[in-house]
Structure formats: C-alpha cells, structure tokens
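The listed protein sequences correspond, in order, to chains G and W.
Per my numbering, the first sequence runs over residues 1 to 640.
Per my numbering, the second sequence runs over residues 1 to 640.
Please keep in mind that the hints were generated in silico from the structure rather than gathered at the bench.
Keep in mind that this is a model prediction, so the values were computed, not measured.
Treat the hints loosely; a few may be bogus.
Copies of one chain are not kept apart here, so a pair can be met inside one copy or by any two copies together.
Unchecked claim - In silico PhoX-like links for lysine-lysine, alpha-carbon gap of 25 Å or less:
1) K290 x K502
2) K569 x K613
3) K572 x K295
4) K572 x K618
5) K92 x K295
6) K295 x K613
7) K569 x K534
8) K534 x K613
9) K502 x K517
10) K295 x K489
11) K534 x K618
12) K577 x K589
13) K589 x K613
14) K534 x K589
15) K452 x K85
In case you want the letters, here they are:
There are 2 protein chains.
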Amino acid sequence: MNNASLRKINPVPLTSVTLDDAFWAPLMEVNRTATLPIQYQQCKTTGRFDGFMWTRESGTTEPHIFWDSDVAKWIEAAGYSLAVKPDPELEKQVDEVVDVMAAAQGPDGYLNMYFQRVQPDKRWTNLRDCHELYCAGHLMEGAVAYFQATGKRKFLDVMCRYADHIAATFGTGEGQKRGYPGHEEIELALVKLFRATGEKKYLDQATYFVNERGRQPHYYDIEAQARGDDPKHWHFGHSYEYCQAHKPIREQDRVVGHAVRAMYLYSGVADVAAETGDASLLEACRTLWKNVTHKQMYVTGGIGPTRANEGFTFDYDLPNESAYAETCASIALVFWAHRMLHLDPRGEYADVMERALYNGVLSGVSRDGEKFFYVNPLTLYPPMFAPHDTFFGGQRQQWFGCACCPPNLARMVASLPLYMYSAGEAEAWVHLYAAGEADIELAAGTVTLTQKTRYPWDGEVTINVQPQPQSVFTLALRIPGWCREASLKVNGRAIDLDPLTKDGYARIKRLWQAGDKVTLSLAMPVERVEANPKVRQDAGRVALQRGPVVYCLEEADNGNDLSAIALPKDAKCTLGKCPEELGAVPMIKAPALRPDAADWNDDLYRPAGGMTKAVTLKAIPYYLWANRTPGEMLVWLTQQ
Amino acid sequence: MNNASLRKINPVPLTSVTLDDAFWAPLMEVNRTATLPIQYQQCKTTGRFDGFMWTRESGTTEPHIFWDSDVAKWIEAAGYSLAVKPDPELEKQVDEVVDVMAAAQGPDGYLNMYFQRVQPDKRWTNLRDCHELYCAGHLMEGAVAYFQATGKRKFLDVMCRYADHIAATFGTGEGQKRGYPGHEEIELALVKLFRATGEKKYLDQATYFVNERGRQPHYYDIEAQARGDDPKHWHFGHSYEYCQAHKPIREQDRVVGHAVRAMYLYSGVADVAAETGDASLLEACRTLWKNVTHKQMYVTGGIGPTRANEGFTFDYDLPNESAYAETCASIALVFWAHRMLHLDPRGEYADVMERALYNGVLSGVSRDGEKFFYVNPLTLYPPMFAPHDTFFGGQRQQWFGCACCPPNLARMVASLPLYMYSAGEAEAWVHLYAAGEADIELAAGTVTLTQKTRYPWDGEVTINVQPQPQSVFTLALRIPGWCREASLKVNGRAIDLDPLTKDGYARIKRLWQAGDKVTLSLAMPVERVEANPKVRQDAGRVALQRGPVVYCLEEADNGNDLSAIALPKDAKCTLGKCPEELGAVPMIKAPALRPDAADWNDDLYRPAGGMTKAVTLKAIPYYLWANRTPGEMLVWLTQQ
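In isolation and in its complexed conformation, chain G is listed as follows (with noise of 0.2 Å):
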C-alpha cells in the first residue's frame, strides 16, 4: 500500500485462503477440469493461439480484433487455478502460449494477432472500435495472475515491455496521441502490473486513460478524421456514451452505455483512485454507483437490460423476458463492487458482490462446467426465441464467436477465495461465508481464520479463531443485507451484535486468543422480495430468495405457462429438495394458485374471477436453471 492510498483494507491474496466447502470448491474443482480444459481447446481448434503467427497463406480463420482477450483471459484463469492447485499440464499449456506470444511480439513491444497478422498498417489507427488497448488489457492482467501464480517472468516481461510502447504512446506528451480505449479495461490492467511491479509509469498511464477519457475536442472524431472516416459511422455502438465517453469521468453521475465497458471501466476509475488517493475519482464512483445498483440492477445481479448496445437504456428499466444481462457485465460489477469494498468497507459493496456471485454470475456455467450463457435472462418463454438463438435460447453453448463470457467465468470461479477475506492493520474482514480457512497478516502478525458453514443453504457459521501471536483485533464479520435477524455468540457467549454492528459488518474487537470460537447465525427464511414500483416489469409480483439466493420457476418442476401461477399473499413458503442432477439442494414449495384450463375453453378473455386450482409451486435456485430439459423459466411471480 503506498502512502497515497485510498484503500482501507486489502484482499487477502488467494494463495492464503482455501475453500473445503460444500458450494464452491466443487464448482472450483469443476472449473479446472471440465472449463479450463474446454477452453483451451476452443481457443486451439478456432485458431486463437496460432492467431499470433497467421498469415493469409495459413489457410486458417483470419483472427479477430478481441482474439487475444480470449486467450489473455483463459491464461489468467490458470493462472488463478494454478495459484490455488498446481497442474503441471496446464502450466505447460500456457507456458506454450506464452512462448508463441513472445516470439511474436514486436522489437517495439506491441502485441497484438489482429494488428500485427491482418492489418499492420492500421495500428493505434481506431481505438474507438477496435479492442487493441482492450485486448493489451487482459493481456496484462493474464501476465500478473499468471506470474503471482508461478513466479514466471517472461510474460510479465513481454507484457512490460507492450505497456511500455503503450505508455510511449498515448499520453499529454509532444508526439503523443491522446487517445484512449473504446472498450475500457487497459485501466484496471495497469493498476495490477503497478501493483505487481512496482513500476509508478504503469499507475501514471492508467490515470492518464481515466483523466482523458471524454475531454473535448473529442479524440474519437480527431482518429476518425486523421483515418479519413466519418466520425458519425461506428462499427459498434452510436454514440460516446456507448463506451461512456460522452463527459468526463468525474462529471458522469449515470451509468450509460455498453455494461461490461461501464463496469471495467469504473473498475479501473476505483483502482486510480485507491492508488493516488484522487478522492475526486472516488466520489464520481460513489455517484455511479448508487446509479447502477439502486436503479438499473435485476435482482439477479444482472445489468444492462438490452442487446440493443449490451447495455443500459435509463433508470428502472428492468424487462424479465428480453434482459440481456450479460454474464460478463455481473462479473465485472463484481469485480467493481470488489473493489470499492476495499477503498469503503461498506456492506452495501458486498452485498452486491454476493448478490451478483450467487445469481447473475453463476447462472452464466452449467453444473458440468461445459456450457455458457452470454445473457440470463429473468424469464424464458420459448416461443419467443428460436431454440437455436445463441443468445436468447435458453441453452447454454460450449462457445461463442464473440467468446468473452466463457473465460470469464472461468477467471472468475477460479479467483473467487480471493473475493472473501480482507485484512487491516488490525482488522481481519469476513465477507463471505464458505467453509475453508485463510491466513490473513494483520500489523501484530498472522490470524488464521476456518470457517464451518454450509453457506448459502444454512446461515450457521462458526469461525475458529487462530492468531498467532494472540493479539487485540477486529474480527469484522458480515451481516448480510438480506438478513433480517443475526444473531453472534463469541466462545459460546451471546453478544448483543446492534452495539456492534456498523455499515453492514459486526466489528469485534477483542485480545482474540488461539481456540477463540466464533458463532454467527443468520435467520435464512425464504423471503419475498418486490421491486421498487417504478419497475414497471415487476409490478404486483414478487421473486423469492433464500439467503443470498434468488429462486425460479422452471418447465421441468412446474409446467408450461409459469406465468399464469400466482402465489397468494398469505401461501407459506417451505422447503424441499431439488432434484439430484441439481445437486440436491433446497427446493422452495407453496401452495398457489392456477387458473382451471379446462374452465377457459378457447376463449381469450372473458370477465375476471373465473375458477382457480390448487398447485403447489416449485422452485429452484435461479443460478440452476436450464440445467435439465429446456422449458420455460420465471423469476417474478404473480402475487395475489
């Protein structure tokens, strides 16, 4: 942490904290077995890897301007499982990559299979549309999860020497252009290759991106210009806003635009910010935000509701049937809720986080590991979109000719113990509960916290306590915003945790001493929970959650025409099974009610209070859908 730093609190690294739980470990596990290996073969059969040596005599695909993100990414997913489990064969897959990238890079640093393979002479000519600064990006984040993992320079090296002609090359500076990227990302990529090497230019030229970004006389029309185009024609989106370049990022106080930009973006806005203590960036985060979570989020986690620019239309347009939501756009809320958490330890932050993981996120994989969705929709309605529709089918796919989700799912399962424990000074911070056990460097040494839980279907927790040397600190323990009534015992003692409780955390402080036992018991009723009334997609209804999960309606479980259930208001909600191939997880069940079929014959309206039946309503976790034969699937129900 520099001296500057905005950043109270800091994650404590993956390689310090195991998951042995019930929930993610074996998603964890499944990630390495059947994701990553799958993804390398993707990335091998589509010709992503050899991309770096085309030519158009290979005879093979000619690569894609955001190819390298795909690789980039799938390499700091390894890294990240290689950090948590050694797997000599998958070190040696990126190891071959690596090589390739590295022979391929040019004698003045840049890397890039688009640019450098298909249009040489048209480098740093179109950042507004083209990803190269994207794709140098995530280029850069794979080098440092790949180097924190194995201590491996070379691509570390290969990627300082890219953000070196980078930096070279976009700034303030005489014979600089000032341009910066169409798709954000390169921020938060240099904040981490600072962070991992120390070097300040890298931390300078993220700022620089983040301060130049929407200043006017506008550098998208001055590219356009110089190239001969029309500053109005865009390859993708129709406007600054699409890439939230419309005004500076400290007069931004909405989030617009395409989703997963928005987010990597104010990723990197926060990173700045904690590194030079900018508290102006800070507040500009604050402000976007309260936007994006208190007006433009599904209860799911998912943003940006439409496919129209992949992103956000305005506040409280939330539709269930077309939400696009894109599994990479929750991820990268994930990621920004990470790390305002860290420059704010607010529960607000974490909730979010949580809400996001255990829904929107993760709704993006199958239980086997081997298919994705790009979007996750609240409702599926099969007549309304081609079963064969990539998008929109219902069915997740093994891969796609835009390919961001899948290895991004994968980076993220693969970091995800990263996402529960920060240290203080001499505070240690619990922001997910999982069982497992992490080590975590407070001033007055180690504490090393295990944690029994089974978490997210029980909301009993008990931490043991290990510090060594035993010492005064906060145990700060999350109370989830979901719940209603915690209740903590310290060493089997009750404690009033209201005293305790401040910005969504209980904050123990205490001389914790080896064997201190910890007991945290959070009331996980399923709940009703509706949305603020100017969401006019959810008028009248509720969606059910338990904990930190959101529960659906599905085909399988239910019937066709979910939409015609209605929960009464007064029905009881208790809990059941899932089916195995679901993993035997809590089913949530209640009386409801369904208009008779038989008593409507073929009419198509007629006067209201027709007869009713009794169903007893079946619900599964949300993130479970479309895991068995597709059908229909519903979040909202009808409440009456």
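Place chain W on chain G using the hints.
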C-alpha cells in the same frame, strides 16, 4: 345477390341510414370537416396528386410505390362522405383528381404513378414487393364509392379499363402471368367492382388471385428469377408467410405475417366465397377467423403485435408496451368481420367488429380529427420511446411517409353507417346501436327503424318500427357478447329473451305494424376482464370495460408510475365523468392502492409487504387517450 351467393344477409346501403347520435354523428362530421380537408392538403403538398404527372424534370419528390393508394383512400372516404352529406367543394376536389388520373391512364388501361413515371420498364415485374396490384385495388374501391355516391361514371370507367388490363395480364391462360399481389387488396376491390358493374370477369379475376396464391412453383421465385434477382432478397418481410403466400389459402390455418395484408386477403376470400358459393373458402375463413380472434387479438381489437413484420408472431403473444396493433389492421379486421357476418350472421363477428370500432380503430384518430396513430399500444411508458418517435412516441401525427392509416380511418368513419344494419328477405338486422334512422328493404316492403339510445354510454335502446306495409318479418337485434343481462319489451310488454336469442341475436318474428316500439335494455356495469392464462403479458392483470368500450389509465388523471397502481379484487368501480376536453363521457373510478413512495427511499429491492396508500383510480375510454398532456397510459391493471 346472385344465385350462387353464400351471403345470407346484405348490408343496408350507406344512403339508407342516417345517424343523429351523440357518438358517431359528431365523429363523422369532424371527419368531413377536418380530416378530409387535411388529407386533401397532405396529398396535395406532398405531391401525391401530382404524382400522376411527375417527371424527373419537375423537381418535386419522386412518387412512392404506394402513393396511389393514399389518393385512392381519400377519394373513397370522400365518396362515402358525399353519399351521406353533399359537399360541392369536396366533390369538385375529387373530380379534379379524377381528371388527372383519367388523363394519365395508359392506352392499355394501366394506371400507376410510380411505374408510369419513375420506372416504366419495370411494370408487373415485382408483384411481391411493389404494391402495383394493391394500388389498383384501392383505386377501384375509390371509384366504386365515388360512383355510388355521385352516379358519376368517369373514375369507374377508368378503373374498369384498368381492371380489364389486369384481367388480360394475369391468369392461367396462354401468355398470361400467373402472378398475384404481394400486398393483398385487389381481391376484395375486384368483387366490389363486380358488384357495382355486374361484370362477372372481375369476380373471376378476384377468384383467380385467391386461388393462385401460394401455389408451387412459387410465382415470386419465378418473377425474381426473371428479374435476375435472388428470390431470397425481399424488400419487405422475409418470407412467404409475410404476405400469406406460404401455402394455398385453403391450407392456411393460422393467421401469419403482415396484419393488414392478412385481413385484406381474408376479406377478399370471404367476398369470393360469398359470390361464388365456394364453401371451402368460407371454411378457410372460419378457421383463420377463429385463430386470430381467439389467440391473436388485443382486448382493444388491435392485431399484429410486432413492428418487425407489422404483423403476427405466435399464438397468445400480446405484448402491451411494444404492441404494433396498426390502425389499418383493426380497420381491416372490421372489414373482414363485416363480411363474415353477412355470410354467417352470428354475434361473434359483430362483437369483434364492435370491439375494434370503439377501441383499436377509434384510438387511431385525435378528437379533433387532425392527427393519427399508426400504432396503438396498450401501454405507454414515455422513457421507452423518444417522444418524436413517429410510431411509438405516444403522440398522434398529422401524416406519415407511409400514410396508409390516416385515409383508412377517414374511409372507415365516413362509411360507419354501413356497418349498422342488414337485410335478409324477411329479416331486419340491427348489429350496432346508435341513434338514427334506417330504411331497410325487405321482400315485403320497406321497414324504417328509428333508434333512440345513448349507446355506448348507456345500454337502453328503443327502436320504433315503421313497416310499409305492415308485415310479418323478423327483427334481429344483437345481444352483445359483453352483455351479461339483457331484457326486452315490445310495446311495453316484457318478452323473455332466452327462447328468442340464438347466435348472439334476439330474433323477434311477428306482424310488425306502424308505431311498434321495441325497448332493449343491455345492462352495462363496469366489467373487469381477464385474458386467457396463456397470455403471459396480462398475467395477474385485468382490463376495465363498460359496454363495448375498453378503458385505460392516463398519467393526466392518475400521476405517473401507472403500473404501480393495484386494483383490489373487491374494490367497487363507480362512474364519474371525464373532463370536458374529453367530451365529459363516463369515467370509471375505483379505490385502489399504490406503494407509498416515501416508504421506498432509494431502494431497488426489499422484502415484500411495504406500506401502501389509498388512491382513486380514474380510467378513461381507451380510444380517447393521448388527447391531453402526453404521459403514461395503461390498459391492463395489476389486480390484488
């Protein structure tokens, strides 16, 4: 009526019906004094009238491929208006346009401003996309209406020559093209021409077009190949379904594609069935009718939910906010319903006709007759569409680049009396209720019916019957489908309706004498209507309807966030009065609930069951929406 006719009853001609009611008569007068002059000016200033004389040198806008139809529909509307009320200036305007067309007509009878003036070498080369036969059909309808109103034959003769040319060009004979229109319309127009002239070849030509449609090898492919085009490249639509040419009409069992095209086709098919006695065509109509009215129709009588094809999607797909529900489509549904009613006099046809007329048709025109909707959504949420969005912005427009709807409304309103009464040999039929008088020709003589009623605002209807001479016949009075309690008196004596009522009509057969008085009382409480549970968009919601009039909420009366208003199941609806600017017609009021905004702060989600506050819901007739300050509108209300 020819011998083969399947038509069981005949409409009472426009000139035999006068309306002096408070609902339609003022609308017809506004149509004559405001709408027709505005449309005359629009046709004039946009160059539509001059299109028949356009040259590249004229410097004016090049005629569009469907401009003829706008001119034609204006003439047709003028014809109906002149039939009801003489207007020398209007007649002079029509005569001038007719002179232009007569002069422009080719020596072979051909008449089309685009193909005569812009692409003379492309005549009849692209029936699928280019609207030539569609324009011809509208011109024929205009000519017939104008002839019937004024007795002037000039335009009729022009159109007979054109019809002769068409009959010579298209058919199964040696050297003829086996084509048929991409946009149907000429089928019904040729039957009108046949009825007006007695020339059977026009009926034969209509029959040919109906029978040829959708056969293999597909004419659209043949003509595309002849043009040297790829048959897969479409100007409009993307498939044969779009223009109902995917299979022969007798094999079609779902209504698909462009809604107006479909309705015009089925109207023509019903006409051909009527005149040729081909029961297989009537059967096809019945199947298609059942599909569209039982599975694909809005509660307003709107049809065709999507802008994508200006038409149909799949059964029970009736989105409210993005409803296309083109004004022309509802008008064309009225045309078809009217035809079916005469083949098969059943209330279900008149019910749909009435539903569309009082709701989805009339919503297309502003109270002052000067502005028009192309689309008629059932919800308007202003942030969703730019206010300047010509289609979805929620504000009627004076004209459109594709101006089909305004003159279609003009001809519909101008011809309204035509839809009210029919005559069988010894049956006088009353389909719609409105104060006024009709002279109905029966075999035994003329019967004059004089209605007194405040319909649709009141269900009391008295009818004075004046037969000349007195005779035994059946007075068939429609008992609307919306009415759940009707009673009847003849000369003050109550008559049990049950034994008299069949297929939606009370049939009162007796010796009718001058001065007989019939009183029909149709109970008209506010009804809550629910949609078939398969309509997912209306789940948990009700629409308010009173008599034939569907109601809606507007922001002007209820504030914003209309979707947040919930109507309790037990809330009693009462009647109030709409503001004077809406004609002080009945308003529906009900005690309702709204979430308390103050209780929500800035939350997006929270446990259900927050505070609500009591409000008074105020609903106005749907057709009157968007006549005040622009704002939200909602038909389907959440019911709690």
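Hint check results:
1. K290 x K502: within (19 Å within a copy, 63 Å between copies)
2. K569 x K613: both (16 Å within a copy, 18 Å between copies)
3. K572 x K295: Neither, since 30 Å and 35 Å both go past 25 Å.
4. K572 x K618: within (12 Å within a copy, 34 Å between copies)
5. K92 x K295: Neither. Shortest intra-copy (46 Å) and inter-copy (60 Å) distances fail the 25 Å Cα cut-off.
6. K295 x K613: between (37 Å within a copy, 23 Å between copies)
7. K569 x K534: Intra 21 Å, inter 22 Å, cutoff 25 Å: intra and inter.
8. K534 x K613: between (32 Å within a copy, 15 Å between copies)
9. K502 x K517: For K502 and K517, only the intra-copy Cα distance (22 Å) is at most 25 Å; the inter-copy one is 81 Å.
10. K295 x K489: For K295 and K489, the Cα distance exceeds 25 Å both inside one copy (37 Å) and across copies (60 Å).
11. K534 x K618: between (28 Å within a copy, 19 Å between copies)
12. K577 x K589: Within one copy only: 9 Å inside a chain, 47 Å across chains, cut-off 25 Å.
13. K589 x K613: Classified as within: same-chain Cα gap 16 Å, cross-chain 31 Å, threshold 25 Å.
14. K534 x K589: between (29 Å within a copy, 23 Å between copies)
15. K452 x K85: within (21 Å within a copy, 88 Å between copies)
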